[in-house]
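S.K.: Spelled out, the chains give:
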Amino acid sequence: MLEAIYTVIALQIIILVFVPYLILRRWVVNLIERYAETRKSHFEPHVLNLLNDPTTTEPLESNLRPGDRKLIKDLLLQQATQLKGEDRRKMTAVFEKMGYVKNEMAALRSRRWWRRLEAAINLGIMQSQISVAALIHAVKDPVEDVRLAAVRALGQLNEPRGLQLLLDTMEERNHWTGSSIIETLIGMGPEINPEIVPRLQATTNNINARLLYVQLCGLRKIAEALEPLLWLLRNPDQETRISAARALGQLGDISAVKSLIDSLDDKTWEVRAQAAKALGALGDKQAVAKLKGSLSDDNWWVRHNAAEALYRLGGEGIEVLRETSHLGEEAPRNASAQVLAERALGV
Amino acid sequence: MFSGDSVLINIILGFNLAVLGYFIAINSIYFGLLLISFFSIHRYRRRIQHEQWRRIIQSPLTRPVSVLVPAYNEELTIVESVKSLLMLEYPEFEVIVVNDGSKDRTLEKLKAAFNLHTIPADIEEKVRCQPIVGVYRSPDNPSLVVVDKINGGKADALNAGINISRYPLICAIDADSLIEGGALLRMTKPFLERPEKTAAVGGIVRVANGCTIEAGRVVRAGLSRAWLPLIQTVEYLRAFLFGRSGLSALHSLLIISGAFGVFRKDIVIAASGYRHDTVGEDIELVVRIHRYLREQKREYEMHFLPDPVCWTEVPESPKSLGRQRNRWQRGLIDTLCIHRRMMLNPRYGVIGMVAFPYFALFEMLAPIIELSGYIIVSLSFAFGMVNFPFFALFLTIAILIGVILSTGSVVLEELSFRRYPKTSDLLKLIATGFLENFGYRQMTVWWRVKGFWDYFTGKKAWGMMERKGFVRT
Amino acid sequence: MARILIADDDSGSLKLLDFRLKSVGHETILAADGGKALELATKEDPDLIVLDVMMPVMDGFQVLRKLKAREETKNIPVIMLTSKAQEKDVVSGLEGGATDYVTKPFSFAELNARVNRALASRRQN
Numbered sequence: 103m104l105e106a107i108y109t110v111i112a113l114q115i116i117i118l119v120f121v122p123y124l125i126l127r128r129w130v131v132n133l134i135e136r137y138a139e140t141r142k143s144h145f146e147p148h149v150l151n152l153l154n155d156p157t158t159t160e161p162l163e164s165n166l167r168p169g170d171r172k173l174i175k176d177l178l179l180q181q182a183t184q185l186k187g188e189d190r191r192k193m194t195a196v197f198e199k200m201g202y203v204k205n206e207m208a209a210l211r212s213r214r215w216w217r218r219l220e221a222a223i224n225l226g227i228m229q230s231q232i233s234v235a236a237l238i239h240a241v242k243d244p245v246e247d248v249r250l251a252a253v254r255a256l257g258q259l260n261e262p263r264g265l266q267l268l269l270d271t272m273e274e275r276n277h278w279t280g281s282s283i284i285e286t287l288i289g290m291g292p293e294i295n296p297e298i299v300p301r302l303q304a305t306t307n308n309i310n311a312r313l314l315y316v317q318l319c320g321l322r323k324i325a326e327a328l329e330p331l332l333w334l335l336r337n338p339d340q341e342t343r344i345s346a347a348r349a350l351g352q353l354g355d356i357s358a359v360k361s362l363i364d365s366l367d368d369k370t371w372e373v374r375a376q377a378a379k380a381l382g383a384l385g386d387k388q389a390v391a392k393l394k395g396s397l398s399d400d401n402w403w404v405r406h407n408a409a410e411a412l413y414r415l416g417g418e419g420i421e422v423l424r425e426t427s428h429l430g431e432e433a434p435r436n437a438s439a440q441v442l443a444e445r446a447l448g449v
Numbered sequence: 029m030f031s032g033d034s035v036l037i038n039i040i041l042g043f044n045l046a047v048l049g050y051f052i053a054i055n056s057i058y059f060g061l062l063l064i065s066f067f068s069i070h071r072y073r074r075r076i077q078h079e080q081w082r083r084i085i086q087s088p089l090t091r092p093v094s095v096l097v098p099a100y101n102e103e104l105t106i107v108e109s110v111k112s113l114l115m116l117e118y119p120e121f122e123v124i125v126v127n128d129g130s131k132d133r134t135l136e137k138l139k140a141a142f143n144l145h146t147i148p149a150d151i152e153e154k155v156r157c158q159p160i161v162g163v164y165r166s167p168d169n170p171s172l173v174v175v176d177k178i179n180g181g182k183a184d185a186l187n188a189g190i191n192i193s194r195y196p197l198i199c200a201i202d203a204d205s206l207i208e209g210g211a212l213l214r215m216t217k218p219f220l221e222r223p224e225k226t227a228a229v230g231g232i233v234r235v236a237n238g239c240t241i242e243a244g245r246v247v248r249a250g251l252s253r254a255w256l257p258l259i260q261t262v263e264y265l266r267a268f269l270f271g272r273s274g275l276s277a278l279h280s281l282l283i284i285s286g287a288f289g290v291f292r293k294d295i296v297i298a299a300s301g302y303r304h305d306t307v308g309e310d311i312e313l314v315v316r317i318h319r320y321l322r323e324q325k326r327e328y329e330m331h332f333l334p335d336p337v338c339w340t341e342v343p344e345s346p347k348s349l350g351r352q353r354n355r356w357q358r359g360l361i362d363t364l365c366i367h368r369r370m371m372l373n374p375r376y377g378v379i380g381m382v383a384f385p386y387f388a389l390f391e392m393l394a395p396i397i398e399l400s401g402y403i404i405v406s407l408s409f410a411f412g413m414v415n416f417p418f419f420a421l422f423l424t425i426a427i428l429i430g431v432i433l434s435t436g437s438v439v440l441e442e443l444s445f446r447r448y449p450k451t452s453d454l455l456k457l458i459a460t461g462f463l464e465n466f467g468y469r470q471m472t473v474w475w476r477v478k479g480f481w482d483y484f485t486g487k488k489a490w491g492m493m494e495r496k497g498f499v500r501t
Numbered sequence: 345m346a347r348i349l350i351a352d353d354d355s356g357s358l359k360l361l362d363f364r365l366k367s368v369g370h371e372t373i374l375a376a377d378g379g380k381a382l383e384l385a386t387k388e389d390p391d392l393i394v395l396d397v398m399m400p401v402m403d404g405f406q407v408l409r410k411l412k413a414r415e416e417t418k419n420i421p422v423i424m425l426t427s428k429a430q431e432k433d434v435v436s437g438l439e440g441g442a443t444d445y446v447t448k449p450f451s452f453a454e455l456n457a458r459v460n461r462a463l464a465s466r467r468q469n
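Protein chains in written order, with our numbering: chain A, 103 to 449; chain B, 29 to 501; chain C, 345 to 469.
Keep in mind the hints are simulated off the structure, nothing from the lab. For every residue, glycine included, the Cβ atom is placed at its ideal position computed from N, Cα and C. Among the hints, erroneous ones may be present.
[To be verified] In silico contact screen, one side only, chain C against chain A (beta carbon under 10 Å); selected entries:
| id | residue |
| --- | --- |
| 1 | Met-345 |
| 2 | Gly-356 |
| 3 | Ser-367 |
Required output: the full structure, derived from the provided sequences and hints.
M.R.: As structure tokens, then:
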């Protein structure tokens, strides 16, 4: 029994001995941080200068002390994230020239997952075409965070080779959160659109994939998706109809108005609500009459979206709101009054 | 070692052993949780180290949040709190302040500070709440919504907020919570990465007493000069930071603090919102959500993130601290009783089979067992029924290990977050780790036992007095 | 060429803007939070203000509102700068009196063009 007591006391002593170590550690960490700050401010002007002339990397490559390369890399990365367009391409050239891209590509094979994660994220910032193959390989990494980061990086590179892989992975859905891939796909250039619509049409059996593609078409405003979306608006699956209605509003194509007006009678309230919202976005006044009816819907969201849509449509839409806000039953009256009051205040 | 052979003596000796066993068990579990949480936090920090937060701010997939602020008699601090909330770094959110029929000038102060105008509102009761008297908007602050309603208690106010809110995520906080600027963004990351599965996320609550606060923000973490809040600082590190991280890693998170939690609104509404006849409305909701989702056989996740911080003032006087702990205990008991069918029920998976028994045995019954343990073992020793080595062992296990846990928590905090810049503060915290177990812990045991007593002798339901006001979670 | 006040809480961004605007010949005044921005705007009377939206103490929209409310500063053109790309923020910025709106990450060529346009229209008035 006494042994147990001694063990406990010993443990406590160990912890207390740890304390001076912690204090020492703090002191050392502070020193290192201050040193890093000094070195960074030494390199900062040269890093900024690269924007004027990307070939002036010499001051960042000569007379380096140990640890400098990493500090410079951090400075460069931080600067790159602030930029886009021509300036960003300049930074990419610098990363390539100074060998940082190669470094990160090698790090993608590190045994430590957090280093691989960092590498994938950094390559996404560096946006060098050289790293594409390595990133594609990293999409199969055992650690999910690394896979996600590799996917995002491929998206930031705007690389068509990566596209097929991204779309295939998005459809898989077993281990992935399709939304992260969607985010990446949203940021890519218009050349990927022709790939997406046929895939949307091919998703007859894979509802989850279909929902992701519909969402993608809406967020990217892919005009060619109009017909398939109109067709999906009548699909037996309610989630599909909901997404299709939302996407049609984002697409902005007025030819969808008639179908959306019909959707205001859909048996699922989310569809009616999304259709109302979409009609407000599309701006066609022929929707006013039916939207007026939706003000009396049983569901709060439908009423609310209809009121907001009427306001957005302006003219007769606002007239309808004014009328409804004075007479009739409580729900449509309150819905209209609320939207009118909020707009008047500017909120 | 044992003398005599009467049945009574054997029972008492048996009890002594049982109590010793209990203390060994509870402290081992805490120790395990501490270790687990350390690795879990380490991993989490690695994951977010290079996170590009701007990407999340700009993403069209980031879901907007309704921040619900229930307020009762908060005239002194409400304007400051709301101003700081409006400055949260998040792309789209609304701050809904629910004035729960305050008797003071809470509403007037809000009206003046934010130029509030009343608007007619179409209100649908998605969850039950007392009648809403008025809804206000501010032209200068489009994200602010102020709701005035008839008094109904904190849960009721939260429900009103839910009814008014128009965003898919709700963030329930206390009116005096000081939320860090980037905290909301961090809390919603799991919802962004795993939108179908994530049901709720809890953040860490840290002690604000002694910190430098400017304009509703904690500018510099510090320690209180008073000993009671100081001890609570260590306690919060041990129990909330490391305790909860550990439980979360084991998927056994039953408690998300009412001071800071983000939930999916549709799930909360489907589970019928907050319950107003319970004193632990925050715990009860989380347990009910577990129950609802499991009964629906839906796959879901709840996370506790150690990173997003909510600072809160803790009671400085033993009296108010005692009341708070009494209330927490009653809330826990109430919740476990209301949902007792989940106990050891395989239908409720790890929550029913692991979390419930853990909370029942090591959180709910703990104070009773501990108190009786202290009394009986001491008496047994005094009457010579157990010898000194046993008594010494008991004291070691009961108290000394606690010291290891407390000081260990401070060490882990230093290794992971290092929020207290002054080295003297670190030393103070270590020293407090000792203090926490020599007197403070025993005090909390006493208060919790009282809570137990109060619960079973009828302070179960909200008394008229308590219903009117609500206090910090 | 012109005196430009830059307000941004992100020091990396601030230094970058400072460098870039200086490199095309402007004189710069720097502020790291909303309160300072307002103070310097009133004191120094710059020709243009580049204002980040998400700042501590006072965010960009509040600073904008205050600038437009004061006699000395209401005619200074303001370009808002932000990570948030939501349509309604752009609208409320422009409605609040901002001359233009640029999202981060930005392309300096674009920012420069907008700066020049804003300065030109001010000179005309």
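S.K.: Now tell me if each hint is right for this structure.
M.R.: Verification of the supplied hints:
Using the Cβ-Cβ criterion of 10 Å, the hint placing Met-345(C) at the interface with chain A is not satisfied: the shortest such distance is roughly 17 Å. Proximity of Gly-356(C) to chain A holds as hinted, the smallest CB-CB distance being about 5 Å (cut-off 10 Å). At its closest, the beta carbon of Ser-367(C) sits 6 Å from a beta carbon of chain A; the interface hint therefore holds under the 10 Å criterion.
Taken one by one, the earlier hints fail for this structure only at number 1.
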